[in-house]
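*Asks:* Below, each chain spelled out in residue letters.
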Amino acid sequence: MLISLNWLKEYVNIECEVDDLGEALTMSGTKVETLVELSPKIENILTGKIERIDRHPNADKLVVCQVNFGDFEKVIVTAAKNVFEGAIVPVALDGAVLANGQTINDSDFRGVLSQGMFCSIEELGMNQDLFSKEMMDGIYILPANTSLGQSVKSLLWLDDVIIDVELTANRPDCQSVLGIARETSATLDQPLGSFETYNAPESLDTIAEYLSIQVESDLCKRYIGKMMRVKKIEPSPLWMQVKLLNSGVRPINNIVDVTNYVMLELGQPLHAFDYKSLGSEEIIVKTTDDKKIITLDDQERAIDQSMLMITNGKIPVAIAGVMGGQNSEINETTELIVLESACFDKSSVRLTSKKLGLRTEASARYEKGVDPDLAITAALRATYLLEKIGAVEVIEGIIDIYPNPQTQAEIELDPQWVNRFVGINLSADTMISYLKRLFFQVREKNQLLLVTPPYYRTDILIKEDLAEEIARIYGYNNIPGTIMGGETQVGEKTEVQKTENQIKSLLVGQGYFETMTSSFTSENKISGLNEGLPDDMVKLINPLGEENSLMRRSLIGHQLEVIALNSHRKNPQGRFFELANTYSKAEKSDCLPLQQKKLVLSSYGNTDFFDLKGTIELMLAELGIENVLFVAGGSDMLHPGRKAEIFVGETILGEIGEIHPLVVKNFNLPKRCYICEISFGSLMEAKKYNVRFKELPKFPGTSRDLAIVVEENIPASSVLAIIKDNAGDLLESVELFDVYTGEQVPQHHKSLAYALSFRHLEKTLSDDDINPVIEKILVELEGQLNGRLRD
Amino acid sequence: MKDQLKEIQERFLKDVQSVKDLKDLDTIRVQFLGKKGELTAALKGMGKLTAEERPKIGKIANDVRESIESNLTAQKEKFERIKIEAQLSMETLDVSLPGSKKDLGKLHPLTKTINELEDIFLGMGFSIAEGPDIEWAKYNFDFLNVPKEHSARDLQDTFYVADEIVLRTQTSPVQVRVMEQKKPPLRIISPGRVYRCDEIDATHSPVFHQMEGLVIDKGITMSDLKGTLDLFAKKLFGEQTKTKFRPHQFYFTEPSAEMDVTCFKCGGEGCRVCSNTGWIEILGCGMVHPNVLRDCGIDPEVYSGFAFGMGLDRIALTKYGINDLRLLFENDLRFLGQF
Ligand SMILES: [Zn+2]
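One line per chain: the protein sequences are P and B, in this order.
With this note's numbering, letter number 565 in the first sequence gets 565, and the count goes up by one each step, no holes.
With positions in the second sequence counted from 1, the corresponding number in this note's numbering is that position plus 1000.
What the hints contain is simulated information worked out from the structure, not anything from laboratory work.
Be careful, since some hints might not be right.
Pairwise CB distance ranges, derived in the manner of DEER restraints [said to hold, decoys possible]:
#1 B:Asp1024 / P:Asn606: 52 to 58 Å
#2 P:Glu410 / B:Gln1240: 53 to 59 Å
#3 P:Pro715 / B:Asp1163: 50 to 56 Å
#4 P:Asn425 / B:Lys1242: 19 to 25 Å
#5 P:Gly313 / B:Lys1148: 29 to 35 Å
#6 B:Cys1266 / P:Ala59: 51 to 57 Å
#7 B:Lys1148 / P:Glu547: 44 to 50 Å
Covered, in the sense of this in silico footprint (three residues per stretch, anywhere, with C-beta under 8 Å from a C-beta of chain B), are these stretches of chain P [unchecked claim]:
#8 26 to 39
#9 42 to 53
#10 169 to 181
#11 762 to 769
As the structure is a prediction and not an experimental result, all values here were calculated from the model.
Every residue gets a Cβ at the ideal spot worked out from N, C-alpha and C, and that includes glycine.
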């Protein structure tokens, strides 16, 4: 929200530097985002009246103006088209500086000396968005009653500083100059100025002859109507226009400007209806079955029954709190106006505004919350101003529908509790003074404070709220920093968290890069994986596009995207991993969806199936997981001949394999990519925690190599299983060190070469110990797999 | 006999001169000192000596043996040294050649940031709590004192998977779950993934990460909040870091604050990173609202506590000087390799 410093100064005496003011407000809770000086460079630009315009003797496009500054006159040559005799304009005299820093000097225009220059809105550095194109094109014409020879800088508040404040949701009362002034007053400990309202004696109820008002919806908390007879619709006085401009609001005419002025000043949105166009003697506030309304901006708006309308009893004439209707707009022929000062339900305004896609200054304020008690003050303030600037004659009487007036409850506060809670040591008197600076009423009773917040502080309900008020006026930065006492607590990670770190470190050590990918996926992406859409996918009701409409059930798709991106960017190879949640529907509808953490590894370029498998085996070994089996098989996204399911005993951990060529095509991947996805939960279950020391062997071991020839399709794991099952306790380890197919073995056969190590803990082994074992292994291999020793 | 020994010694000294390498040396050693060597042969005559002569000759024999042995040892050392020197002269590496390539991966910068924050808080006695990403709306909003009609609950702001189930917009629901399940004293942090309906750009993402913290105990003060978070900031950004607490508003806390830290780029002088303010907003915090405590079954008249929350992605971005949030989720190796 933009606040004019000059306007603020009308309410509070501000002596400090503007930067210090910004810092002080920020530190007391009104966050100042920026402080922008409007036109700091402007100098020596005065108001002057064009007394006479003569043709330039030597140039058709120029004119020569006699300009009166009250005490002196100057000659100004101009090419501007919109100047006329009698116009009062800003004139940059010799030595003047424009908003952009340009200096103006006397200069000769084809033989005529111009003693300065007329200024446009742009040259004065005013907010260009707030003026019409016609006004922007020419010289800025000031109102006819502007006094001459005045500094334009101070007249138009070009020396103003625009303060942009960010308000928090709990402080709708700060959405105005007055609101910020109250905070400034409390922050700087300076008195708050007052403002005048209409308070002529209203002995008569003349308004009743014209109008009645009914509120038929509880979405309207209060509705005030005040009527006036228009004297003249004209531009508002310059001082008012300047305040509007510096608050970012475009001046329109005296009536509209006053409604905007009061909204900016007090925070109460106001609306003025043309009484005659209402075409009725009643205003009824209600929801209606009407389907459309044309708003002030000439747009037809589709409305529905959820939206609160101001009606004339028959049709809507305004969308409550959002925008007025074109059918009741003030126009040049308006004789009587109805001024509305109302309080509408904030959620109702928010939803209506959102549905219509129409956000206005009024709706923005109503959304945050406008206090019903403000409505009457604002109505009387607007009435006062309208009368003061000569826009209206007031019709006596006021209609005020306020079914449930709100009250502020008294809050009990123990000053010692505040000190304990905040960690400070203030006296009760200091706290009382802080609260009074914020316009709270405070009574003392038995060491306790009984505090009543001002009507507009609806955010103050409990003692913690008061503690915050005291703390922020005291200054958060004056609160000491301490480290909490209490019971000593041990901070440590859980086993699961430790294992996650362990796995990540291991994989990083193996050359894998951790990725971080989105949790969303789509039907389209899943179909690219050569798989049907699982029926337990979690679907978003309001996704950001179809591409992000499902919660991922697997991490594989995103890994493929990572590979595709890297390969596309000419990174020649990559190894990746991610440990993240996957999601699936719960079986019961009244449960949260299931969330399963998975570990995915992927690789491409200078890698193969066994490279990836080796890493998995290393990781499983590091976690103490034994009895791991890789069994051919797995999902359809994998190459049918190069995929395996990973088991620990009977439990499936996950799968590993080369990406299917069709998927490679769909994802635009390099030709050979490898992936492995493992359930982290199953991994944790299989993990062995208790590591026990084994005595180091004292006796030497002995080793034997066995090259076994078996048919090609027999998995190495079967050969290994037979070796292990028959080697007995003496076998210390067995490693496959060579796989051979070729001329030296029969066709469709392969040779698997194993190194077997044997050891006895209490003696040195001899051939007599080993030979029978080898013999038994060979017999079993032959019997079960038709395997035999290679020649 | 004596002469014979002297002769052996002299002959050894003569012969040893012509020795050229360790092999010759070994031959000469066997020739003189071996089991069948000359000295052994000579000593076989000892038996013929008188009892009087025997010790004398014995001593001489020993001296001769020791002299030959020490000479041999010296010679051996000499030849070994020559051999090593010959070897060394042959073996010179261009040490400026690169080492053999080892593969090392990297943790994601976000994980590194999270680890760093976790370590700081673990050291202060916090534990790490986790909770579901897909969460009951009541845990994400109601229990956190968010008003029923608040716009944060709108479909435009929050992802829904069912009427009452949302993708959590903050990790605070984890705190609620912990408060419901455990009795104070509590000290937890909850890092995790959160979601909001923001289109992705350089500073926004519908998927991002937060870490929130919670302390509940008897007698916890706002002063404790300041001290703890100030310590955290110093640990994370360096001892010289200063903090500033500004009043703010959150539904979850009362009083509430935002904490700024002195810009770690310029140290408070003002630069582009801090928009010339010298300060960077880092987290929101406050004293846990009594409504929240009460809803979680904790008596606010007995216990008090503070909570804080920060955007991890933004901390990672500012910490490493990354200028675009999208880089975090793109996973280009040339990016991942930098951390
Ligand atoms: Zn900086």
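*Asks:* Each hint: holds or not?
*Replies:* Now for the hints, and whether the structure bears them out:
A hinted range of 52 to 58 Å holds for the C-beta pair B:Asp1024 and P:Asn606, which are about 54 Å apart. The hint said 53 to 59 Å for the Cβ distance between P:Glu410 and B:Gln1240, and at roughly 47 Å that hint is violated. Against the hinted window of 50 to 56 Å, the Cβ-Cβ separation of P:Pro715 and B:Asp1163 comes to about 51 Å, which satisfies the hint. At roughly 24 Å, the beta-carbon separation of P:Asn425 and B:Lys1242 lies within the given 19 to 25 Å, and the hint holds.
For P:Gly313 paired with B:Lys1148, a C-beta distance near 33 Å keeps the hint of 29 to 35 Å intact. For B:Cys1266 and P:Ala59, the Cβ-Cβ distance of about 55 Å falls inside the hinted range of 51 to 57 Å, so the restraint holds. Separated by about 32 Å at the C-beta atoms, B:Lys1148 and P:Glu547 break the suggested range of 44 to 50 Å. Residues of the stretch 26 to 39 of chain P with a Cβ under 8 Å from some Cβ of chain B number 5, which satisfies the need for three, so the listed coverage holds.
With 0 residues having a beta carbon nearer than 8 Å to a beta carbon of chain B, the stretch 42 to 53 of chain P misses the requirement of three or more and the stated coverage is violated. Figure legend: the stretch 169 to 181 of chain P, annotated as covered by chain B; annotation consistent (3 residues with Cβ-Cβ distances under 8 Å, at least 3 required). For the stretch 762 to 769 of chain P, the proposed coverage by chain B is not satisfied: 0 residues have a C-beta within less than 8 Å of a C-beta in that chain, short of the threshold of three.
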